[in-house]
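Enquirer: Each chain, written out:
There are 6 protein chains.
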Amino acid sequence: MKLNEWLNNEIPNIAKTLVDVHKDYFSIEKSIGFEGQETIYKILQNFRSALFPCLCDKYSSDNTRINVSIGNNLRKSALDLSELIGKVLVNENALNETDAKRKAEEIVMNLINKFPEIRKTLQTDIQAAYDGDPATTSTEEILFSYPSIQAISIHRIAHELYKLNVPIIPRIMSEYAHGLTGIDIHPGASIGEYFFIDHGTGVVIGETCTIGKNVKIYQGVTLGAKSFPLDENGNPIKGIKRHPNIEDNVVIYAGATILGGDTTIGQNSVIGGNIWLTQSVPENSKVYNSQPLPNIK
Amino acid sequence: MKLNEWLNNEIPNIAKTLVDVHKDYFSIEKSIGFEGQETIYKILQNFRSALFPCLCDKYSSDNTRINVSIGNNLRKSALDLSELIGKVLVNENALNETDAKRKAEEIVMNLINKFPEIRKTLQTDIQAAYDGDPATTSTEEILFSYPSIQAISIHRIAHELYKLNVPIIPRIMSEYAHGLTGIDIHPGASIGEYFFIDHGTGVVIGETCTIGKNVKIYQGVTLGAKSFPLDENGNPIKGIKRHPNIEDNVVIYAGATILGGDTTIGQNSVIGGNIWLTQSVPENSKVYNSQPLPNIK
Amino acid sequence: MKLNEWLNNEIPNIAKTLVDVHKDYFSIEKSIGFEGQETIYKILQNFRSALFPCLCDKYSSDNTRINVSIGNNLRKSALDLSELIGKVLVNENALNETDAKRKAEEIVMNLINKFPEIRKTLQTDIQAAYDGDPATTSTEEILFSYPSIQAISIHRIAHELYKLNVPIIPRIMSEYAHGLTGIDIHPGASIGEYFFIDHGTGVVIGETCTIGKNVKIYQGVTLGAKSFPLDENGNPIKGIKRHPNIEDNVVIYAGATILGGDTTIGQNSVIGGNIWLTQSVPENSKVYNSQPLPNIK
Amino acid sequence: MKLNEWLNNEIPNIAKTLVDVHKDYFSIEKSIGFEGQETIYKILQNFRSALFPCLCDKYSSDNTRINVSIGNNLRKSALDLSELIGKVLVNENALNETDAKRKAEEIVMNLINKFPEIRKTLQTDIQAAYDGDPATTSTEEILFSYPSIQAISIHRIAHELYKLNVPIIPRIMSEYAHGLTGIDIHPGASIGEYFFIDHGTGVVIGETCTIGKNVKIYQGVTLGAKSFPLDENGNPIKGIKRHPNIEDNVVIYAGATILGGDTTIGQNSVIGGNIWLTQSVPENSKVYNSQPLPNIK
Amino acid sequence: MKLNEWLNNEIPNIAKTLVDVHKDYFSIEKSIGFEGQETIYKILQNFRSALFPCLCDKYSSDNTRINVSIGNNLRKSALDLSELIGKVLVNENALNETDAKRKAEEIVMNLINKFPEIRKTLQTDIQAAYDGDPATTSTEEILFSYPSIQAISIHRIAHELYKLNVPIIPRIMSEYAHGLTGIDIHPGASIGEYFFIDHGTGVVIGETCTIGKNVKIYQGVTLGAKSFPLDENGNPIKGIKRHPNIEDNVVIYAGATILGGDTTIGQNSVIGGNIWLTQSVPENSKVYNSQPLPNIK
Amino acid sequence: MKLNEWLNNEIPNIAKTLVDVHKDYFSIEKSIGFEGQETIYKILQNFRSALFPCLCDKYSSDNTRINVSIGNNLRKSALDLSELIGKVLVNENALNETDAKRKAEEIVMNLINKFPEIRKTLQTDIQAAYDGDPATTSTEEILFSYPSIQAISIHRIAHELYKLNVPIIPRIMSEYAHGLTGIDIHPGASIGEYFFIDHGTGVVIGETCTIGKNVKIYQGVTLGAKSFPLDENGNPIKGIKRHPNIEDNVVIYAGATILGGDTTIGQNSVIGGNIWLTQSVPENSKVYNSQPLPNIK
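Chains as they are written, first to last, in the UniProt record's numbering: chain S, 1 to 297; chain E, 1 to 297; chain H, 1 to 297; chain L, 1 to 297; chain V, 1 to 297; chain C, 1 to 297.
Hints were generated in silico from the structure; no laboratory data involved. Keep in mind that the hints are not guaranteed to be accurate.
No copy is singled out in the list; a pair is fine if it fits within one copy or between any two copies.
Said to hold, decoys possible - Calculated lysine-lysine pairs in the DSS-like style (CA-CA distance at most 27 Å, straight line):
1. 286 x 213
2. 16 x 286
3. 76 x 30
4. 42 x 226
5. 120 x 101
6. 114 x 76
7. 241 x 226
8. 213 x 23
9. 16 x 103
10. 213 x 241
11. 213 x 120
12. 238 x 2
13. 114 x 16
14. 30 x 163
Chain S extracted, bound-state conformation:
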């Protein structure tokens, strides 16, 4: 067939087939859609500049102007987020529109009311980065060039929404951070203050992890699940504790893998690079590979 004819005659059929297939599996009306997804990214950028005012799109050193700029951002984002949450509460949780709207508004007020507290925790994360990396020379550098801060800022927001039982949106947030930084923290993970991930690419932190204070993690570390139980239909059973607990003051070096919901790393422990660990270790442990030296010819 000639291109011209094909464009006029076949494309409408292909488009129709694609739309029809999509409708067999998804509701187009109910989806938050591409625009919703982009709005969430925009909200996160606004929240980031509220938490760190020197990251405002256009800031000046005039106090009134900074306050207005952040206030405006927060108001706008509060409404946008409230609308999106309302939508997913209707679609995923089957609330009616009035209840969903009311609940969405409560959730958003709840979240933003916690921003001063979140901000304080993020300052401890910045301090942990400063203390933990000899290569850095200032906290300003950390704010502008450490993926860890970007990932943990987004996580601490997404985690609040996760705790408030908001569907989908926290995961879109965490995946946004993952795309930017290579650090994949499920919004369900509970993470204490003074948290630092160095370099970060390939880090995976699972949904039911709990991480204490002052924990430091290097690139390529997985805090994951062991194989998970299936229900009678062969589907994974959702909602059970599957990921490890990391207690205070633990350091986990690059490429280490720690698996399982009943695996606990006791406080003050150090886990060496490339370690594969599926069992608990007590406080103050130092875990290194006992493998023979590499074969050098």
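With chain S's structure known, arrange chains E, H, L, V and C on it following the hints.
Expert: Chains E, H, L, V and C in isolation, oriented as in the chain S frame:
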């Protein structure tokens, strides 16, 4: 020298030197250029919204409007892609312009005609993600927040172009996916339905891999080449089978490395995390590290 | 509280709290800010199109036009970069404005004067990619789809600024490359010509690394520090040699970890995948895991 | 009051007052809004490029591409216009949504079906400009730099919608043309082929005008109403014939004013500059001011 | 000279000459600049959407959202306008920065505090348009397609700033309206409620005009100055009453010219089209041209 | 027909008809197109900021930066304009591509070499506005809010191109000014220094006008042609002198119309408002309407 003079007097010389050096190695006329690269990214976004209409830039629940929007996107992208393919066929394959244009048009029609089939396969990939991750709560969540779906959607398109012998463009597509997701699948790899990559950062799947149905892969897995033979000039010999075969129903855990064109993982096998494997294993194998437990002090 | 009231009454207080907390730890006036960060990204894009004129935003095959376009880009970027460097020299190095301006201008002229030399080195990197990957079919493909080239282009620029003692900005540049490619090269690292990183996701190259000529590295390789000494206050001592030396013609396979400032990999050595190495190896070494074969059931 | 307090405390009250006042007079839900207004402008630009394909945003000399581009534009604009018309039919004409949608779709199909005919008429207008202005050198120049063509193109579209009883939208279109060109043609005016307005600024053509073929008008000409009758409440009676008839082959020079619904300018007449005319003149008239020569001292 | 050389060698000289000439007559540092000009346009658009909330960029029917949107717009615009006014007060009125800032803030608060009152007056202008034009069918149509409303909205804002002795900015506002509508109202003119200009192109209303309530003006009307007195140096004496007074309930038809600061049009008068009037007329006058009928051959 | 079917089945036919009709009258390949038109507007904005550096998009008070910014703008615009002129010289003047390119480059160098001289003349125009309008308070105000300056700036550029026999482009420039200001000056008109147009809407200045020094014109003034002679085919004879000569120090008040190529207004004359003049007047004339006073009842 003062900045002002340098800007006026030296910059033109530096610019000229840079252009001249570039021309020693590259043709500027023949390059697809920055604009071509950006166009490919835009085409992929249009294709994505055609495959998943809820990801349209602006969609509504009106059926006619969705169909028109996707039809328009496909028409526009078909022409843009056809133009780019025509260009690379002239430059890389030395076709004359008329032949290149005709062949490019056939290739594009071929590709888009397969979209309904590709879409069906992608639905199996979504199902595999749903079945394979206890953390997910809906297929909507998968569509909006799983890098695996983004990577495999682009791969299934790029792979068709690869099979149709289109130079360069499939690789630009796969690298685009790599940049977004950390998942690096060469467009040459052949991948069966119900494919799922969890987390995904650091996954590498080589050009001559074949992967069966219902395969699940975790972050950091490499399906790569062993050292490759050189020709008499010391250059790598291109185009030979270098990467492994993964049969149906195989699971490969995080950080495993499987190398070599004559390495086959038999169906229903499970490859443990961090495994380094350069030989075939039979069906139903379970491969775990036999290394001693880590040294815990 | 009703949303409406909360937006009017509480948001100003939350904004004020966030601004006040920020000011306790950061200076808003002195920060390069979001705009500065975005300007650095834009400068890097301009530099990239100067180094590779076929990547110009809008290029044509007309020689005068290409030269003008690149000259204009360089002039504009030179001024933007000079302004930003001036700012950080005042804030971080406590220079007065006049000295900072003069020094910033010198630094920028120094940097851009080296572009022809940098370009020549980048051509060796492209050649190394062509020689080192059997999957590639042309250098054009390498330019448009190899993350290695993007990462090393940015690194060679950032490294010049690092050597000229510019604070913060080189790190923002390297983190920009890290976000795009998953390759994290500290601007302090010294890297010889004919350098190639295949796939690249998860590669970490530390600040005080030195890498010789014709070195090839695969995804997931870490060239890092061993645990670092603390000063009497428990803070890491900054500025000491912490990362390994890689001599000429070394190949390091995927996932290998090489640590320590006194670790040297002798020339012509090959380091196998997933190797964990904290000691030097002599020239011509081949280092493979001596671990037993995996346990296959 | 200090600015800061005022921004936080008074602005919400002022905003509320403004919204409340607006609601006393207008419905916010029912308004086509700023976005609707902008959409109409965008539709007109798309229609213009459909009528004159060399005015496409990005056109090429490839036939298929031009056709696709215009087809896509028309499809998109047809849906956008249909949606807006549906909205105003509900709001202004009190149709129910189903009827309004059906009627809007008919109207749009009607309009666009007439485009080939409208295009032919516009070609006569271009010819009239070419014949009527010694300063022009090509029809290409007319297309790109004559406000007359822009105004009459939009008028011929708006007039079709006016005849199809679409409220508001035709007037938004005509005012858009007025803003661009200074030529104010009410969409109700009926205008024959070969129509040309030279310079055009200040031309006003009223709602119930009829203008024959081959009429030429200069800047500042008004074809207006005499004082209009009021109803018993003192409101102007709407919908009666108020503006003049201009027959074929008439020329009206700059600044002339012709008023009244029963004023007819007979064919082949010439009306001189600055003439004030409130009565009919027969065919072949030449109307000049009989005023004495100006007083020259 | 060859183009290439000329671009490198001559352009810097031409640029330098142009900058030097500019500096002979203007201060670059003190100018509000292109950005300031664009900011004023943006502020006017924000003010317009505050005065008419259905013209918000993105509005919805949700009350909270509209209020937040307008509140945010007003806050942002208040700060932007305050900054610009501060700048012109320093440059034109030679205030010091602190006084200028304080005064600018007062002026902006003053202006925006009057918005509810301005809005009420604008509603009378809309009503006057509705009453005065038989062609209109709804007030919605007037809001979206009458240049008069756009011009008078901007005038009522600019006039407040003029009364508060703000230099330059009110004129930039009025010229913005002039460019959009062809209606040129000097911000100094005082205009009563229920004001309507039909069609409007070419209307000029001078700085010291006073216009009463319920006045209606047609296109091309000039309310201007007679020749003005010069001072001893031959410069026009600024700041004296030069333009006419129009009392309540006057109608002035198209093209009429009324000149002079001591010319008063008494209330309830009607001035005919194209009238040239340089003297006062009493109440209830009807002024028509006594010129002979045009010469019709 | 249902909308859906019509969109798929009829739109391609309508698009094809419109393209075919267009091709009967215009060449799509040869047109400068929408993009060319937009480029001309962009060039004019760049030229404006070169002539008045305080109108740069982003200017600073740093001398080097302003010079670079203007130099870059001029270089870019020189190439863009040269390309467009080359195109029209091929299409309209039938030059071959090489000759057209060479000639276009000469024309552009010629034009921009005159910018310092044009700038000096524009300063006299600014002075004339300052001297001629008692309402203005500063030359800064004139630059930012007088349409006269915008129109005459563009005219002085377009006129140079007209004198260099560039087709079409000067008229696109003059119509751009016309759309912005309501002032329509044909690029052929020759205008002396110290030129000022007050208010300006509706002013028309014809192609073969010559205007001396220190001339002041008010809104609505036409300097036009009398009826023009036709050739044997009934087409207007192009290229003959059709518009009046205005000598030095003439003032022409609002709405005056002066017609004819052999009409000369002697120096130091004053032409009153609304005058209709088709004959020459000697030096020092004062021309006022001798019409009786209006009829006042």
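Enquirer: What hint numbers does the structure not satisfy?
Expert: When the structure is compared with the hints, numbers 2, 4, 5 and 12 turn out to be violated.
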